[in-house]
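Student: These are the residues of each chain, in order.
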Amino acid sequence: MTRIDCHSHISSKSQTENVVTAGRLVEAADRLDIDAVCCSIPISGGSPKPAEFRACNEELLDAMREYPDKIMGYCFVNPGYQHESLEEIEKRVVEDGMIGVKLYNQYKCSDPVIHPIVRKAIELQVPILQHAAYLTDQAEAAKQPNISNAQDIASLSAAFPEAMIIEGHLLGGGDWERALKVLRNAKTVFVDTSGSVTDSGSIEKAVRYVGAERLLFATDLSMEEGVGKILDANISEEEKRMIFGQNFLRILGRRGKK
Amino acid sequence: MIIDLNAYVGHWPFRRLPARTADEVVRLMDRAGIDVAAVSSISSTLYTDPHDGNLELLEETRRHGERFVPLAVLNPKYPGWEDDLGECVELGFRGVRLYPQYHSYLLAEDECVRLVSKATELNLVISIPVRLRDGRGRHWMDAARDVGLEEVETLATKVPSSRIVLLESRRAENSGLVKLANVYFEISRAVTIVGELSRLLSLVGASRLVFGSGIPLKYALPALLKIKNLQEPEDVKEMILWRNGQVLLGLGAS
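Listed in order, the protein sequences are those of chains A and B. Here the first sequence is numbered in the numbering used here, starting from 1 and rising by one per residue. Here the second sequence is numbered in the numbering used here, starting from 1001 and rising by one per residue.
None of these hints come from the bench; they were simulated from the model. Treat each hint with caution, since some may be false.
[To be verified] Some chain A residues close to chain B (C-beta under 8 angstroms, calculated; not the full set):
(1) R31
(2) T136
(3) D137
(4) G173
(5) D175
(6) V197
(7) T198
(8) D199
(9) S222
(10) M223
(11) E224
(12) V227
(13) G228
(14) K229
(15) L231
[To be verified] Taking lysine to any residue pairs in the SDA-like style, the calculated list, with each CA pair at most 25 angstroms apart, reads:
(16) K1237/B / D1035/B
(17) K143/A / D1146/B
(18) K181/A / R1016/B
(19) K181/A / M1141/B
This structure is a prediction, so every number in the text was calculated from the model and none was measured. Each residue gets a CB set at the ideal place from its N, CA and C atoms; glycine is no exception.
Looking at chain B on its own, in the form it has when it is part of the complex (with noise of 0.2 angstroms):
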């Protein structure tokens, strides 16, 4: 079993991707056997309004049944989010994603931070990419940052009853986002050969470390093979590949 939280749906600006739609997605996660993606709309990052992109995401995703977790993009500087939000639960959405980078506030402002309890309330995990690409080669008119960890650290403070999916992140385990608890750590992009990984897990423990791909802006093999790799025991691999994913996101006990 595999529950990917890494993962989108929809039309990449800058570059083409070898898939774009769930039909696509669902064949790149059948290939990788990658059983359950958590997704949200690509297409949501320079939409004006996103929310158009979490309903064209539940047209795209709804067919394949369980194979998708839905997760809400959600601008918290552009009005109607919250009406927005409330319409996102009843369509059975998950969770939330934020592209701080993509709608141009901070994570620490006083509107996200609203957001995020809201959601919270609603029992929906938060999900927040560090970044969709690497800036080093970004196209001319892609403008975003980075989200810095500190950003998050101060959200995941103001909000502790959050839980929060950092994805996308380096040097994690540097940060004082170890020290909280309700943090948790895709792994794509750590460092194996320095032992980004390793101690990212002694330091938080393999409750606190999910699977995530990346699919399909990034290939989905390399993040697999880290856990693969991981010279850990199979319980412990096990939760990072699927078992806390699926507490995460309120799925049912296989």
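This is chain A alone, in the form it adopts within the complex (with noise of 0.2 angstroms):
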């Protein structure tokens, strides 16, 4: 069973404490049996400017040209950087191989600035991972004032429907019940299952609602949380395979077709 694990990241070498290496984050992923890892090097906090995420960018590539078979890379940007951003996609996806677009909390996903970026991954035809979460406690909320939740997902899964949007980490904390009820109509988004929550019968109630079809394996980094409860779930063995691989091929598959 092809397991991808669509949303985990690796540490800039910036990075003092907790430092997850390329090479300890395959290690862990091999004895998981997770076939491929993908990754970015996301700026968590304020507005970073284009030569910082480019330098995360690099950084990436570095780690997928160590790890070729085991780690692809999604390109971070900060969309307020409007022409920059669309040049670094158009670069890292078509020249370096990245398979998709990283955007973090830098600006709801409902709002207009995304826009470009979201015709340039449908021009590329790959998707893209938008960092969320409904947080209901307050001082959690306000640290990160513009995270995107499910409804500002699906607003743009409605202006975008050929976009290929993932809603990151279902399970990092937020509301994920909420989530699946606002993203059970929202056809066109995928949902990934990565966060260190392993609430039970999470996975079961988002088959229920978004369908195995559109949920995707991932850790965010806690491994055996991610694959635990896949594994666990009382879902059938087919749509296991869909959420642990199929369905990230498919939209591996996509990439640079349109």
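Starting from the two chains in their separate frames, assemble the complex, guided by the hints.
Tutor: See the structure below:
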């Protein structure tokens, strides 16, 4: 059963604590029979300048070159720098072989500033992995005022139904049940299952609401949590196959084919 | 053999669980290969009198014999806990599980210290979950805080003869708890990719780590995979999976 972790990270060289090197990630993935890991190096605070997001992508490219069969890359950009972001996406996807675009919390994805990025992703036929959560804890929410929630993602998908938008880490700490209720009717949105939360019944409920064909296995570095919750879920083997890899292979297969 | 130190039976008011009754929890245990589970009542989180949850738990679990080790939920701020504790010992409870985040007290408060001292005199293990759910997506009626590691440290220092099993903790390896020999750590939330579990192991040794799954609130397999993938000899894994739990719960050698 192919396992592709569609949402993960390696640390930037500037990170000093809880460092995850490409080598460490690959080792952990091997122990869990994960065939490939799709990574990004986002900058989680402030409004990174083009030189900063380019540097992140350059570091990621080094990891992709070191582990060409194991690590795939998402190009991280700050949509506030539209021209530079579009150039960066074109270069990283077309020349460097990255497989998608990573957007973090610089803007809500319902903000029109995102639209040129989405059009570029549609042109290149690559997915956008959107950092997302619905944080009910006010202190947590205040830390990320521009974090996108499922409603923002649903709005974006309604405006661009041909886009492949992934709601990041369904089980990343926010109200995942609310997200499922919203995304049930946003039929073109994919949902990744990553995050440290391992609430029992969450995967079964996700299958019931959005369907196994729209769920994508991921860890976001919660490695055993990511694999364990899919294996433990009371769903069919075929549904597990779809979630673990088949759905994402289909997304990868669309790259550059428009 | 697997002994789960972090399991529950009962109704969780904020989300539908796939298993609530003892029969249903046993099915989860069978599926995961868990032989014995130390359980407390989830209903006791919000019952005004948590002892009613203890009695319910016993009614639920007794027909499953040795599969369950019941832990009593007591609230040191609520009258009658000493009587309830005595009754629980007579009924065969092997430990006390505290929910300070739902019963609105701090572990370092005098009443709590007194309860833990009394339970320790009775040779009961003390089980404390840092949390029962991830607070970032908490229900609007669920205002429970995560229990602070410093609270646990104060309690463990004030009652050095106690045996405290800390559930659902993160980053304990960076706390003063590692120096307190009477504190044991359940491993389900340790982030392995950044080395939390291996650091904790190197600091406190295998004798102070225990397996816990969090069922039926959480899936069982993630915690099991953490032990399976631990790069340590089998005897270390056995200590974590069941030997330490066996000693803490006072179960007979198998």
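Student: Confirm or reject each hint.
Tutor: Do the hints match the structure? See the list:
no.	hint	in the structure
1	R31	holds, 5 angstroms
2	T136	holds, 6 angstroms
3	D137	holds, 5 angstroms
4	G173	holds, 3 angstroms
5	D175	holds, 4 angstroms
6	V197	holds, 5 angstroms
7	T198	holds, 5 angstroms
8	D199	holds, 6 angstroms
9	S222	holds, 7 angstroms
10	M223	holds, 5 angstroms
11	E224	holds, 4 angstroms
12	V227	holds, 6 angstroms
13	G228	holds, 3 angstroms
14	K229	holds, 5 angstroms
15	L231	holds, 5 angstroms
16	K1237/B / D1035/B	holds, 16 angstroms
17	K143/A / D1146/B	holds, 18 angstroms
18	K181/A / R1016/B	holds, 15 angstroms
19	K181/A / M1141/B	holds, 20 angstroms
Checked against the numbered hints above, the structure violates none of them.
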